[in-house]
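**Q** The listed protein sequences correspond, in order, to chains F and R.
The opening position of the first sequence corresponds to residue 1 in my numbering, with each subsequent residue numbered one higher.
The opening position of the second sequence corresponds to residue 1 in my numbering, with each subsequent residue numbered one higher.
Since the hints were derived computationally from the structure, they do not count as laboratory data.
All values reported here derive from a predicted model rather than from experimental measurement.
Beta carbons are placed, not taken as given, at the ideal position from N, Cα and C, and that holds for glycine.
Check before you lean on any hint, since a few could be wrong.
[Claimed, not checked] Taking CB as the label site, the calculated pair distances span:
hint, chain 1, residue 1, chain 2, residue 2, range
1, R, E77, F, Q95, 40 to 50 Å
2, R, P210, F, S182, 54 to 64 Å
3, R, D51, F, S182, 44 to 54 Å
4, F, P125, R, A70, 55 to 65 Å
5, R, R83, F, L132, 30 to 40 Å
[Said to hold, decoys possible] Far from chain F, some chain R residues (derived; all Cβ distances over 10 Å):
hint, residue
6, S27
7, G29
8, G141
9, V144
10, D180
11, A183
12, G207
13, W208
14, Q257
Protein chains: 2
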Amino acid sequence: MANFLTATAVESRGDARFEAELDPQWSVGSRLHGGYLLAVLGRAAGLAAPDEHPHLTSITGTFLTPPEPAQAQVAVEVLRAGRGVTQLRAQLIQQGALRMEALISQGRLTEDDAWWSGLEPVKLPPEADCVLVPPAAPGAGFPVPLMDVIEQRLDPSSVGFTVGDPSRRGVIAGWQRLADGSAWDPLSVLVALDPVPPASYDLGVRGWAPTLSLTAYIRRLPGPGPLRVRLAATELAGDRMDEVAHAWDADGRLIAQATQLAAVRLPT
Amino acid sequence: MANFLTATAVESRGDARFEAELDPQWSVGSRLHGGYLLAVLGRAAGLAAPDEHPHLTSITGTFLTPPEPAQAQVAVEVLRAGRGVTQLRAQLIQQGALRMEALISQGRLTEDDAWWSGLEPVKLPPEADCVLVPPAAPGAGFPVPLMDVIEQRLDPSSVGFTVGDPSRRGVIAGWQRLADGSAWDPLSVLVALDPVPPASYDLGVRGWAPTLSLTAYIRRLPGPGPLRVRLAATELAGDRMDEVAHAWDADGRLIAQATQLAAVRLPT
Chain F
1 MANFLTATAV
11 ESRGDARFEA
21 ELDPQWSVGS
31 RLHGGYLLAV
41 LGRAAGLAAP
51 DEHPHLTSIT
61 GTFLTPPEPA
71 QAQVAVEVLR
81 AGRGVTQLRA
91 QLIQQGALRM
101 EALISQGRLT
111 EDDAWWSGLE
121 PVKLPPEADC
131 VLVPPAAPGA
141 GFPVPLMDVI
151 EQRLDPSSVG
161 FTVGDPSRRG
171 VIAGWQRLAD
181 GSAWDPLSVL
191 VALDPVPPAS
201 YDLGVRGWAP
211 TLSLTAYIRR
221 LPGPGPLRVR
231 LAATELAGDR
241 MDEVAHAWDA
251 DGRLIAQATQ
261 LAAVRLPT
Chain R
1 MANFLTATAV
11 ESRGDARFEA
21 ELDPQWSVGS
31 RLHGGYLLAV
41 LGRAAGLAAP
51 DEHPHLTSIT
61 GTFLTPPEPA
71 QAQVAVEVLR
81 AGRGVTQLRA
91 QLIQQGALRM
101 EALISQGRLT
111 EDDAWWSGLE
121 PVKLPPEADC
131 VLVPPAAPGA
141 GFPVPLMDVI
151 EQRLDPSSVG
161 FTVGDPSRRG
171 VIAGWQRLAD
181 GSAWDPLSVL
191 VALDPVPPAS
201 YDLGVRGWAP
211 TLSLTAYIRR
221 LPGPGPLRVR
231 LAATELAGDR
241 MDEVAHAWDA
251 DGRLIAQATQ
261 LAAVRLPT
């Protein structure tokens, strides 16, 4: 089982080109996980950015063709190197074809508290009272190898879908840890922000919800311990769903937020 | 006063290159408005996309160096032409330098109702009871030419900042119309999603809040009449603010949503 650092490692080939080996462990069904793929691009961007901007602060990735769990190339270009922020483009290439493209900003994060916050952390029962998501959930229809490397414990109010009784609030909330015990960082948080299952499960809509575009902002360095993550849909319409995710650390400080547009097959 | 169609017009130069004339009317202070600039990129993307995907459905723009109100070039590349979506990259170039880059998806929108919606439209007093934002607001410190082409009437609860008494909820909400009476469309909605003033004004933080990155999803075609727009900050921390915007049409149907990361100078 490859840990996050190894699974997202990239090796410089010079001239802002990197070589990666995409790891099938970080998959949902037969598809590599979107947050994991963004983290691979972010890893390369971090190496291409100047030392004074060591942290990924924002990323938007557009998903073109699903990458295979195999060797891939990452091409990075610095679009602007500013005083407070470096802005970059990163591309994931496999077999000569562009599979993903991302716009990224790098800066310097701290653990400082917010000057103002308008959002309370999601309320969750203690971790021990939440429901561990297994990599081979009965009735899921496909294995989720990701759940061997991410320990996710869902709020019991989010798991009604497993017994055919979803809450119909469009919310999936729970605790997340990296299974190898390592601490969260600005790149691994990208995995946490793209939770499995999608919010559509809590609306009684099963099946794939492939991400078309995902945008994440990392707001500060996480403290130790698990993350609390809340994923909520705003609207399902015309075969599209948006999902908004927030992640707080164990101390209840907002670490990151994300929004994604996904394809969804709605009942007719 | 150039209307929106004229102000965002682009002329093909062949090979997915376009010529634009950026219009100073669509400015805040001396800077061209972010939503307007995204609309210019979206206009070019719409011409480069296949006919079956006539509408912009998502866009993320990263703002590098502020463009001048002058001639500019737009370069578009189709990254993937799928059955339900075309994904593109668009770049705004001035004097040979990249000023903005965007990842865009095009599809086909309808006026159909949502299959499921989890968000109620923002409640606003009738338009006549809201406060028209003038292009030269007393005490603003700079003119906002945009307010001559966008008629924005703010909820009285959002305008406490004008008398030194902001609500400190981090919310700016109001009605918006195109001043020339034309109907909203998926491109002009990009202007509505990036309202002036920023949400920081309602927290007692004045001054510029330049956008670093803005992501918008257009969910359906707007019906006639004004839009209701709600802009809310989630958190201000480390000289960064996020703002989340939602726009509903007069019938209360969600038309579009956006999130942006902006720079902000916080009181020490």
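**Q** Hints first: check each against the structure and report whether it holds.
**A** Verification of the supplied hints:
1. At about 19 Å, the beta-carbon gap between E77(R) and Q95(F) misses the expected band of 40 to 50 Å.
2. Under the hint 54 to 64 Å, the C-beta atoms of P210(R) and S182(F), about 36 Å apart, miss the expected range.
3. Range check, D51(R) to S182(F): Cβ separation about 50 Å, and the 44 to 54 Å hint holds.
4. Range check, P125(F) to A70(R): about 58 Å between beta-carbon atoms, so the 55 to 65 Å window is met.
5. As the Cβ distance of R83(R) to L132(F) is approximately 38 Å, the hint placing it in 30 to 40 Å holds.
6. With a cut of 10 Å on Cβ distances, S27(R) stays outside the contact zone with chain F, its closest approach being about 21 Å.
7. For G29(R), the shortest C-beta to C-beta distance to chain F comes to about 20 Å, beyond the 10 Å cut-off, and the non-interface label holds.
8. Every CB of chain F is more than 10 Å from the CB of G141(R) (nearest about 22 Å), matching its label as outside the interface.
9. Separation of V144(R) from chain F is adequate, the least Cβ-Cβ distance of about 24 Å exceeding the 10 Å criterion.
10. A cut-off of 10 Å between C-beta atoms confirms that D180(R) is not in contact with chain F; the least separation is 29 Å.
11. At the 10 Å boundary, the C-beta of A183(R) stays outside the reach of chain F, the nearest C-beta of that chain being 20 Å off.
12. Separation of G207(R) from chain F is adequate, the least Cβ-Cβ distance of about 14 Å exceeding the 10 Å criterion.
13. The Cβ of W208(R) sits about 14 Å from the closest Cβ of chain F, beyond the 10 Å cut-off, so the non-interface label holds.
14. Non-interface call for Q257(R) relative to chain F: violated, since the shortest CB-CB distance, roughly 6 Å, does not exceed 10 Å.
In the structure shown, a violation is registered for the earlier hints numbered 1, 2, 14, in ascending order.
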